[in-house]
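Protein chains: 2
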Amino acid sequence: MTITGEMLIGATALRGNDRPIHAVEAATGQKLEPGFGGGSAADVERACALAWAAFDTYRETSLETRAAFLEACAEAILAIGDELVERACAESGLPRGRIEGERGRTVGQLRLFAATLREGSFLEARIDPALPQRQPLPRADLRLRQIPLGPVAVFGASNFPLAFSVAGGDTAAALAAGCPVIVKAHSAHPGTSELVGRALQSAVATCGLPEGVFSLLFGSGAVVGQGLVADPRIKAVGFTGSRAGGTALMKTAAERAEPIPVYAEMSSINPVFLLPAALEEKAEALGKAFVGSLTMGAGQFCTNPGLVLAVEGPALDRFIAAASEAVAAAAPQVMLTPGILQAYERGTAQLAGSSRVTKLAEGQAAKACTGSAALFSASAADFLADPHLQEEVFGSSSLILHCRDLAEMQALAEKLEGQLTATLHLVEADTEAARALLPTLERRAGRILANGWPTGVEVCHAMVHGGPYPATSDGRSTSVGTLAISRFLRPVCYQDLPAALLPEALRDGNPLGLWRRLDGALGRH
Amino acid sequence: MTITGEMLIGATALRGNDRPIHAVEAATGQKLEPGFGGGSAADVERACALAWAAFDTYRETSLETRAAFLEACAEAILAIGDELVERACAESGLPRGRIEGERGRTVGQLRLFAATLREGSFLEARIDPALPQRQPLPRADLRLRQIPLGPVAVFGASNFPLAFSVAGGDTAAALAAGCPVIVKAHSAHPGTSELVGRALQSAVATCGLPEGVFSLLFGSGAVVGQGLVADPRIKAVGFTGSRAGGTALMKTAAERAEPIPVYAEMSSINPVFLLPAALEEKAEALGKAFVGSLTMGAGQFCTNPGLVLAVEGPALDRFIAAASEAVAAAAPQVMLTPGILQAYERGTAQLAGSSRVTKLAEGQAAKACTGSAALFSASAADFLADPHLQEEVFGSSSLILHCRDLAEMQALAEKLEGQLTATLHLVEADTEAARALLPTLERRAGRILANGWPTGVEVCHAMVHGGPYPATSDGRSTSVGTLAISRFLRPVCYQDLPAALLPEALRDGNPLGLWRRLDGALGRH
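Chains as they are written, first to last, in the numbering used here: chain G, 2 to 526; chain Z, 2 to 526.
Chain G with its partners taken away, still in its complex shape:
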């Protein structure tokens, strides 16, 4: 494949007329060719028109057709071969092993949704048969299924050029649900985006689907991004990025004549609670492992552990010593983009300059394009006194909070904003302390971990990658795992519809062999 700098609108490829975007080699800051011409309002219009035209056909394709399509997407991505890995490494600065792993995750995610389609219970089929003899009034025949919302706009994320971008989690979930997808590529990795986009475009053609099922646009947030969210044919939005970016999309979506759901994953500092007995027993090992999680991928994970809470005392001092030593030894790492590096340096400088914060350690000196890990501490009281200390610093920066006692730790947990994750380190003697914290953590986070680290998000059935605002714009949902398909669905009820018109999922005799709820009882009936 050759990267051309073209957008993919349905079955066509065309060069945008707006000022071209160039990718930058993350490790060197050098401009990569070609330029990617930015899209215009007319390009948004064309992509939306095609997506809308495709919707009714695509959403009624069989479960097997959509499953085979997702598998074809996976195959086509793999078929790009090493060119994809090399380009993604160049654009993101992430090491080859990580990109290869991320490709595996992306492909695995598409295949997992294929299996979810074949299993079919996401349709939530329900049948309450007619009761013509019921007194005082008969009951009609009522049947329910979930249908897709409509075309979805997906915004590629900077930090996962494959798994949260063109063919990432939201795209896979939306396509599985039966929604056409229009991706706005992240300007940090347009070449990677084009390669993956062409793979999806070819899978649409191979599978004989309407061309509007998938489009890929480049361009500005104002024209292409906001243009997509404002278009009346777009019915939901998936976004991973900054809080400012996410809230701007939420505002546009809420102000439409028909407001639509926005699933924006925005900001999380992922508190880690070191409970006393665990800290006493494993302070050094925890300190070292913590820095492993903190510095993984240059800290550029939504689930990076940006806050550590523990009760002050000698055990915490040991943890800090071990963590500081590990941070000091940490090599600088290439960051995704110059903008992200600048924001990281600004964030750590602000922490370092705060009178409430002590700088504990920093990693080896940064060279061009790299960031150094940074570790800070503050008292719980000082943390609460300055709301800025709760802001995410995207990168390998973390803040350790000294709490006077468990009560202060618990009170602080109660004041935290919504989070993607909350982590407990505990041994058996900490059980009661953990039990006291759990209700607060459940109210504050989408995932609660014990004796692990929040980086690393398994793609499976029981995953929740989501959480209360501002971790996400809609805490009722997850962006990772098979439950993510639900975010792009809505229920429709059919009352007394003649058999010839009923969707296959709801027909008598259960032709699809689905799990269905018959008068409320689950079964394959």
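Keep in mind that the hints were calculated from the coordinates and are not lab data.
Warning: the hint list may mix true and false statements.
Put simply, identical chains are the same to the list, so a pair is met inside one copy or across any two.
[Said to hold, decoys possible] Straight-line distance between alpha carbons at most 20 Å, and here's what the computed DMTMM-like set of lysine to aspartate or glutamate pairs gives:
no.	residue 1	residue 2
1	360	281
2	360	459
3	416	46
4	252	475
5	416	57
6	283	433
Mind docking chain Z on chain G? Use the hints.
This is chain Z only, laid out in the frame that chain G set:
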């Protein structure tokens, strides 16, 4: 029981200090005693503090405890006896048979949610066991359940003083989910609200639950209504009412530091499509039955058939003749409130005054406090030319649209706003015409009916009472039926949590006997 005019805040009853609200006897316009003192910001604060204090305890009560509580609510409502029926009839002007039926529905709804709790699959328990040997990385133990969002503010509806008010659908679903509820009573039926509120308050006490599980406030929309929606401890809102009221609450909810979901059911004209062969075969019977649905309960249903579409011709003329005759014979009916009557008269006067609209018939002359049914017609082209004609007129008013052909009918359907329902009348010869319309109707409505009328919403498993904006603020949800519990839930994932800390629903050995998803497979395991 005696109606005192007091609010119920947790276990206490107290009189609000704001200007008292008086109920009005709907049939006479006469003021009913006592006055209901309006709540203040301090009352909102107290109710929210109690609800918040109750939340962690209430949400972890057993499924059986919550089921028994909902049943106790039902029993306590029935135990009020005839006083409740009489007061509700007086305040609403609805006939005794309707109010008795509505009481049965309210009680049945609470009991259905009790059964839903005992069945337990709304928890959506998922377990992906650890895979310690997996290469290249082991998998952690991951478990998911749904937990309640938090305290919910419920706004009583004018048109269902029992089934959509203090102990109505949203309250039942929220309490079932594990959310404390604060109801703002509708000022049209404060006495009914107090009676039902006292029943719920007594059930809370009888069941030994924290007092903050339920509170009932009277007062103004500005102080009590907006105050509740703005309070940071309120995590979701249920509302049934006008589009202006619903959008005002949406705005407040979106502007909070932490935006929250609003489930507002606002406005729907419930289009009815008379397909040609059915119309030819049954024009007169359809005309008569249509008016039966139109005038039921003085047309004061969210699902009232406010729009009828058919292809012009002799069959439609016969339908119109029969419907006009039935409307002309319709007795005037007491309307819920003077305000609703005025809005109805304003709406029908506007239709009558429109140059695009022909008045076909009106019901028998109205007396004080009553409204007369009204029937209008227009061409499809004129309807599309004036967006005001698509606005809901709450009451027994409907507009019949002449379409030139099926293509125009379909084009018009595509232009309709989101609806709660869409109805098809068809016989076998209409199957292809119906098939062509269905995709549009699925995109536009929450429930699609064949050969029936949209009034009458069954409380069951397969019901959807919801639909795209502006029918509701959130088309991903239903306010009626057991699926409504989902609107008050969000998923949480537990990773490697020690067995002692796991919620019972997720423990090994399935102690609750739930349907769970194990590595993706549903079963009672």
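So, going through the hints one by one against the coordinates:
{"no.": "1", "hint": "360 - 281", "verdict": "neither (23 Å within a copy, 83 Å between copies)"}
{"no.": "2", "hint": "360 - 459", "verdict": "neither (33 Å within a copy, 63 Å between copies)"}
{"no.": "3", "hint": "416 - 46", "verdict": "between (44 Å within a copy, 19 Å between copies)"}
{"no.": "4", "hint": "252 - 475", "verdict": "both (13 Å within a copy, 16 Å between copies)"}
{"no.": "5", "hint": "416 - 57", "verdict": "between (46 Å within a copy, 16 Å between copies)"}
{"no.": "6", "hint": "283 - 433", "verdict": "within (19 Å within a copy, 71 Å between copies)"}
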